[in-house]
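Each chain, letter by letter, is given below.
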Amino acid sequence: MAQSLAKEFTKGLWAEIPPFRLVLGLCPVLAVTKSVENGIGMGVATTFVLVFSNLLISLLRNVIPSKVRIACFIVIIATFVTIVELVMQAYTYELFLKLGIFIPLIVVNCIVLGRAEAFASKNGPVLSVADGLGIGLGFTLSLAALGAVREFIGNGTLTIWEGLPVFEMGGNFLPFQFMIEAPGAFVGLGLMLCLMNLIGKK
Amino acid sequence: MGDLFVLAISCIFINNILLAQFLGNCPFLGTSKKMETAVGMAMAVVFVLVMAGIITWIVDVYLLKALNVEYLRTVSFILVIASLVQFVEMFLKKSIPGLYAGLGIFLPLITTNCAVMGVCLINIKEEYTFVQATVSSFAYAVGFGLALILFAGVRERINLARVPKPLQDTSIGLVTAGIIALTFMSFKGMV
Amino acid sequence: MIPALLFMLGIGAVCGIVLSLSSKVFYVYEDPRIAQVENNLAGANCGGCGYAGCSAAAQAVVSGIEPPSVCVISGKEGVEEVAKIMGVDAGSAESPLSYNMCEGGFRADDKYYYMGISSCKAMAVVFGGKRVCGVGCIGLGDCVKACQFDAVKLGPNGYPVVDDDKCVGCGACQQACPKDIIEVKTLSEKLMKFNQEHDPLAPCAQTCPAEINIPRYINQLKEGKYKEAVQTIRMRNPLPLACGRVCPHPCEDECRRGIEDEAVSINQLKRFVADFEMNSGSRIPIKCAPDTGKKIAVVGGGPSGLSCAFFLRRIGHQVDIFEAMPKLGGMLRYGIPEYRLPKKVLDWEIQGILDLGIKSFCYVKLGADFGLGSLMASGYNAVFLGVGAWEDYSLGIDGENLIGCFTGIDFLQRISSGEKISLGKTAAVVGGGNTAVDCARTLLRLGLDKVYMVYRRTRKEMPANEVEIVASEEEGIDFVFLAAPTKVIGDDSDNVTHLEYLKMELGEPDASGRRRPEPIEGSETMLDVDMVISAIGQSPDASFKEQDPHPRMTELELTRWNTVDNDPATMQASIPYIFTAGDAATGPSLVVDAIGGGRRAARSIDLFLKGKPVEPLKDSLQNKRIRESIFTKVDGIKKSARAKMPELPVEQRLDSMAEVDLVLPEDVAHKEAERCLNCCRICYNPDTDFPMAKAN
Chain D
1 MAQSLAKEFT KGLWAEIPPF RLVLGLCPVL AVTKSVENGI GMGVATTFVL
51 VFSNLLISLL RNVIPSKVRI ACFIVIIATF VTIVELVMQA YTYELFLKLG
101 IFIPLIVVNC IVLGRAEAFA SKNGPVLSVA DGLGIGLGFT LSLAALGAVR
151 EFIGNGTLTI WEGLPVFEMG GNFLPFQFMI EAPGAFVGLG LMLCLMNLIG
201 KK
Chain R
203 MGDLFVLAIS CIFINNILLA QFLGNCPFLG TSKKMETAVG MAMAVVFVLV
253 MAGIITWIVD VYLLKALNVE YLRTVSFILV IASLVQFVEM FLKKSIPGLY
303 AGLGIFLPLI TTNCAVMGVC LINIKEEYTF VQATVSSFAY AVGFGLALIL
353 FAGVRERINL ARVPKPLQDT SIGLVTAGII ALTFMSFKGM V
Chain H
394 MIPALLFMLG IGAVCGIVLS LSSKVFYVYE DPRIAQVENN LAGANCGGCG
444 YAGCSAAAQA VVSGIEPPSV CVISGKEGVE EVAKIMGVDA GSAESPLSYN
494 MCEGGFRADD KYYYMGISSC KAMAVVFGGK RVCGVGCIGL GDCVKACQFD
544 AVKLGPNGYP VVDDDKCVGC GACQQACPKD IIEVKTLSEK LMKFNQEHDP
594 LAPCAQTCPA EINIPRYINQ LKEGKYKEAV QTIRMRNPLP LACGRVCPHP
644 CEDECRRGIE DEAVSINQLK RFVADFEMNS GSRIPIKCAP DTGKKIAVVG
694 GGPSGLSCAF FLRRIGHQVD IFEAMPKLGG MLRYGIPEYR LPKKVLDWEI
744 QGILDLGIKS FCYVKLGADF GLGSLMASGY NAVFLGVGAW EDYSLGIDGE
794 NLIGCFTGID FLQRISSGEK ISLGKTAAVV GGGNTAVDCA RTLLRLGLDK
844 VYMVYRRTRK EMPANEVEIV ASEEEGIDFV FLAAPTKVIG DDSDNVTHLE
894 YLKMELGEPD ASGRRRPEPI EGSETMLDVD MVISAIGQSP DASFKEQDPH
944 PRMTELELTR WNTVDNDPAT MQASIPYIFT AGDAATGPSL VVDAIGGGRR
994 AARSIDLFLK GKPVEPLKDS LQNKRIRESI FTKVDGIKKS ARAKMPELPV
1044 EQRLDSMAEV DLVLPEDVAH KEAERCLNCC RICYNPDTDF PMAKAN
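In order, the protein sequence lines correspond to chains D, R and H. Mapping to our numbering: the first sequence position 146 is 146, numbers consecutive. Remember, our numbering sits 202 above the position in the second sequence when you count from 1. Remember, our numbering sits 393 above the position in the third sequence when you count from 1.
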């Protein structure tokens, strides 16, 4: 049990890490990774939804009729997304503003629905939570990594979290604005995917 | 009238939903491998987005705001959109099989397309009037189709190119999308 | 709190009611498996699979385009579930395998010095290929790159080689190949493949009406793989024993070696491997696709009917054959005499076809014993009409009905059935076709002293096979050329005594290109005979159309030659569920034409049963040639004589019905196979020497 638990958890961190191994949920990945902070915020919010929707769906998996299961999943996910929205609005208002409509759009993030369908609807609650946590953490890491690359090259800074010290490039470094803009998101993600392929193949 | 035109232009080019707003990227990469598929998807998005934009605007103004339960927006929008798509699919299949053959298979893909949900939310966030919401929905959808078809064209050519192995497929697709996004950035000064 | 609850309940109820109502109102039938498969896909509609939504992907899986692993989200369990759904009723999902059309020896020379991208697709777009051979494999390995399962490799000769164990039949290589060289096909698809304009085909394989892959089986023979060679032939022709004996081998007329040298004796090689199987004592198992549950009635057990039944059975349909004669075989049995095709051989071959699980009902005639109505009532989904052409044309002259007068097919059939006929001493056979020659040679064997063949034109114009004419000359048949019978003269008791004919001379060529014979006035001559057999052609016996009371039968259109009118590309008759081929559709023709037609009809019947439109195959090569593959000169061939067919000595022939043509000995067959230039198995450049010719 413990072994399979660890397996479900760790697969999200490498073997099936989104969005690299599972090329899904690209919209928030591209949109919010202007900085590490945004990336982590989005990642944590998604992880929260993932874990709880996975838990609830796996608890209800024998009750939900299979014909309307997708609709049920969506409603459950939407409920947790609304909770996240309200919580963020209350406690991290600035981040909430920065992430904008991408918070409600977690509803239509393929990763969340994909895990619900592919894993939670077939496995018990404990495993499902582990799966949600693993995938969510992997997603957060990816977002943070892409955010770090983009922020570092595009802005010359690295902000881990508001309040923590900001790492800043000094001297002659000219920020490469391109990376912060829309095209940089695509190119950055594309190159990171390439890097993952390179490492994965060897 | 002039305002609406400016709104349309800005929705299609400047704030292009795919390349500037980053909405709907999964189908953007998924259905752009072939030109035919891209065209079908673009048409389906135009079709559904306009209907979804109108209905969600009505739901928001006459139900959510009236009942003062705006916090149920996410849940109700996704429900309405999902039902709408499913309804349209069934309706087309039976009544207009010709159109269904062209668009049908793309319709279900739209339920979880964040472009649809995203545009509906933007319409509300920007507090557009009914007419504005309709125009913006249509214009965003056209922008989606434009970018998707352009991208599919480029991708078909990339298929012929010698791409280093790790860069193949999605990876080179993303980099290419970045370059297309770069060209779309030049619209920024227009309005 | 309360309004929120009410709101959610309300919106949920509205959505639910609208959807469940509309799912009733707008119900459209779909393959239930699509829904099942879709249930087991992730349902996220993310498009990651490249399809527009999960239902599109499910459709692709059910129609066999995509493997169960199509979904990028659903894990291993999902894939297994989908595989199970697809596996439940299938046995029916035939496993497709990648199959390479262009293979073998050396590569064609390069035509261009090419520095572009190393991709077949790019090259095909830009130049149509860099090699001299425009239809063959380009050899840059797009298929290798496309294969996710490491099943395709470029072999030592630069052609892709498929590892059948690794191949999952995903079709990626096929999509990647711009030349359709590598194709992923199920057994059924391979059986229903027809020559197309862009296929890499040797001239002989293009010419063969049954479209047998001739170079392939010759090469297999050369390598000693006789079994495989028979299997190659059986992909296109269910009757290799019969064809190996009676086929006039049009393929050999197009043989490239024949341009500079004698053509390869293709048909003898076919007979060699077919006889090898028969004499080996065991039958090579014939693979069939899983059952489809459809039932087809084949009316007529001749070559076209047997071919159609064989292929329909092999692609999984249930077939019953209805035959008017006492035994199956049609013209093969009743029109071709024992000395050309022994009944024992034919029986063995037909038994092999029936062993696939085909039922046959003999002695039942369409129109008399059963009709369209009874077939439909018995649950047949389609009907194949292969009733042949059994009605002899009459000469239309006086005295035709005297005792001692016969018509060709009728005569042969009565002899074959073992009927006792009172024979005379001398006979005249009127006509110059194969039936006439068969009648004449049969008569000799029946002990007649003298047999004349009376033909309107000269030997050059005789439509019979050259070998047959030579054999009949050897056997001592007297030819009376340029003679048109005018009257049969009998004695008082109506027995034939003479045949009167007019001498002819050749005039201007007619529509068929043959010079029209014109009578010479007053040249009446008498031939002293006591039997006259007229074998001047046949037409189908269309009496079933009148006899069958089924109202639909009146819709069946016939041509003015009494053949069943059909679309020659699809073999579909004027009634959509009736298909026809062979002599019934074409008028008297070759066995191998009937076999090819039967298979073509099987393809259309299969389409029809699957509810697909019965359309002609695109770019079908039917009766056409790929122009660039037909050379006018072939340099560098070292001449070597064609294997001589062993024959029974003339003196032994006439006493019995023993088979005249014999099979090649093994070493001779191998030597003959070596003479094959391997056209389209090896590419050559028409401007330089042929590698194979040099090698020999």
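Errors might be hidden in some of the hints.
Okay, derived cross-link-like pairs now, DSS-like style, lysine-lysine, Cα gap no bigger than 25 Å in a straight line [said to hold, decoys possible]: (1) H:680 <-> H:1003; (2) H:578 <-> R:235; (3) R:327 <-> D:34; (4) R:367 <-> D:98; (5) H:618 <-> R:367; (6) H:618 <-> H:578.
If you only want the chain H side, here are some residues facing chain D, beta carbon under 10 Å, derived [unchecked claim]: (7) 399; (8) 403; (9) 407; (10) 408; (11) 409; (12) 412; (13) 432; (14) 464.
Treat the hints as calculated values from the structure; they're not laboratory data. Quick caveat, the model's predicted, so the values are computed rather than measured. The C-beta atom is built at its ideal place from N, Cα and C for all residues, glycine as well.
Results of checking the hints against the structure:
1. H:680 <-> H:1003: holds (21 Å)
2. H:578 <-> R:235: holds (24 Å)
3. R:327 <-> D:34: holds (22 Å)
4. R:367 <-> D:98: violated (37 Å)
5. H:618 <-> R:367: This hinted pair is violated, its Cα atoms lying about 41 Å apart.
6. H:618 <-> H:578: holds (23 Å)
7. 399: It is violated, given that the least Cβ distance between residue 399 of chain H and chain D is near 16 Å, above 10 Å.
8. 403: violated (14 Å)
9. 407: Since the shortest Cβ distance to chain D is 13 Å, the answer is violated.
10. 408: holds (8 Å)
11. 409: holds (8 Å)
12. 412: Cβ of residue 412 of chain H sits 9 Å from chain D, so the hint holds.
13. 432: Since the shortest Cβ distance to chain D is 6 Å, the answer is holds.
14. 464: holds (8 Å)
Violated hints, listed in ascending order, are 4, 5, 7, 8 and 9; each of the other numbered hints is respected by the structure.
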